[in-house]
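Asker: Sequence:
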Amino acid sequence: MLRLKTIDIEGFRGFTQKTPIEFDKPIALLFGGNHQGKSSVLNAIEWCLYGDECIGEKSGIRERVGTGEMAWRVVNDNSDKAHVKLEIEGEKGAITITRTEAKRKGKRGKSIKISLENGTEKEGDEADQELAKLLRVSFRDFAATVYQHQETIHDFVMQKPSEQSDVMDRLLGLSDYRNILDGIKKSNVSKVQKELTEEFDKLQIRVQEAIKIRQEELDDKRGKARDKGLSEEELNENKLLELAESSNKDINDFARLLGLTPTPLSSLSNWENTDSFIKDIKNDCNRLWAESPDVIEQSKKQMERSQMVSLKSQYETQYENFKSKEKELEGFEQKNGNRNEIDNKIKKAVQEKEAVDKQIKQISPKAKLIEEGISILKSAAPSDTDICPLCGEKVPNLLEHLQKDWEQKINAQVEELNKQAGEVDEKKTDFERLKKEHIRLEQDSQTEKERLKKVIKNISQCLDKELTDQDDPATILSIEIKNIDQRLKKIEDAIKGKQSSINAILEKMDIMNLLYDILLFKKKLEEINQIQRTDEYQKQEKIRTSISNLVKDIEELSKIIKSCMLKEAEQKIDSARSAIDYYFRKITSNPAFQTLNIKVEEDKRTGGNFYIFEDQDGKRPIPILSQGDLNSLALSIFLGLAKTSGDSHPLGFILMDDSSQSLDSQQKARLVEILNELSDIKNIIVSTMDTEMQQLLKDGLTKLKTICEFSAWTPDSGPKILNV
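Under the numbering used here, the final residue of the sequence shown carries the number 724; numbering is consecutive throughout.
Don't take every hint at face value.
Here are the computed distance ranges between Cβ atoms for each label pair [stated by the list, open to error]:
hint, residue 1, residue 2, range
1, G90, K619, 43 to 49 Å
2, T263, S313, 38 to 44 Å
3, G93, S138, 23 to 29 Å
4, K107, Q17, 23 to 29 Å
Because the hints were derived from the structure by calculation, they are not lab data. Note that the Cβ used here is the ideal one computed from N, Cα and C, for glycine as well.
Can you make the complete structure from the sequences, with help from the hints?
Answerer: Right, dumping it as structure tokens:
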């Protein structure tokens, strides 16, 4: 049986500096408040023995699951590496285990060394193998019977009843089974099988749909070929090649009919080249047709006719425009006179205006003198108004006489002449406007005449004939168009006979195209049918079968694992039943419980273990248990398993971390009594921050004790430890 002697811790978890701790007495008590490094000591023992097995999801400890910043870190944040050296007393002497892990170096930064009783040292994988042989206890059994984790007790107390079975599995060291089952569940092999089967079924459906579509297309082409007069026996490659050979002969005969040279075309030797062969034949047909003398002449005549029809329409339109402008000019002259007549009217109006202006000038001097005299007389003294300002003689009532004479004679005469001058000006303006209108009409008529000449010139060029003023272009064009129509009729009759030849060739091309499609669809249909015979398709069939077998194997494996998990739980509970019952009733001292019985069954919902706790009457006490009772139950299971293993267990020590959670004073005292009993067969290391529990441990444990008080922990220096 192996027992702990000493441990050196440096850079591990809460420790930064090298710290030795002695375990040379049967009892080791680690006292101190929270976050002072007590649990780090127990963690260091565990890590030195089991390394990475106690880290991450595989550990079965909820606190240690996580990655990155959330990971349970071995190396202290202020240290470069973690170093733990553990000395164990074996049957033949001391054994030293040293484990190291450097920060951020992965696997390369990890090392282990073991020094055996005979002085032999081993490192790396050999050291791991030697350590496994020495311990003879798996990590899950270590967690169930040696190291009571405070997280396990806490989980059992705090979990819902439906989730306590998971904690029970951990208490019994069955986490590996549960992890394997969870891994199988997460792998979703059945889902993968379903998805693979669905995809394969989809492929089969697509293949069948493709076959159906190609068959329908093939049947359609066969029907069209039969409509063309082909029998079922002729729907083959031989008939296609036969038609290709005759088509080559037909195109040569057609070229000779047109008097042209055929293009040398390759014969069709492989039906897969039919598409290009048909294209070449059609291209040559189009070339021969385009180069045919009749077709060339027909195209030329049609262009000439189109041009003449256009020119005739232009001429008739322009002739009407010219005649309209000419008629408008004639109507204007009939009403208003020609250019000379309008010019004479303007000249006469100018003369009349000059005569009126002359009269006005003759009257103006006299009027001016009278107007000045009146002005002078009005400004003179009243006694001088009869004296003439021109001759100086006295004229009675001279001012009155002059004013009356101005109003009656001179003013009236001037007004009449001004009126005549205005009327003459208006006549002159009207005649000038008529002259401008006549000029515009003459210009419009001349413009339309020039346009008509241009159209006649184009007609002359089209006819290649000089036209005189005596010719009627419209009639000449009508005669030419009639002649062209007669020629086009003759050409059309000649072309119809040749059109039948080219239509026959093109009809053969249509039949060849149908035969080509039939052969092509047959080939595609065969290619689709070949898919099911390919190695890849057969391989998918095998994969589907293999996946199906794998699912069955996994289901069978799950059943075996569940069965083993159930049997091992039953065996461990059976072996420790009396000890668990005794410890639970002793710690709780509840008179309502005379017997505690634990049963394990398969959980029909999850397939895992389902634990049933019953009292002496077969009733289930869990719903009425307090947190202290639940904590006592978890401790009883751990201690019962530890006691049952007894002397047969390779490890002669147990580790207990914060075991007094939720216990009252009497329960704590009775727990100490049990630990005192166990100290006869096991060395015990207890970590607690509970001051009441600390005193009870000091006073109640009768074996020699090492007491270490942890305090004043800082990130840089770690905890201060005082050996009491």
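Asker: Under the constraints set out in the numbered hints, which ones does this structure not fulfil?
Answerer: none
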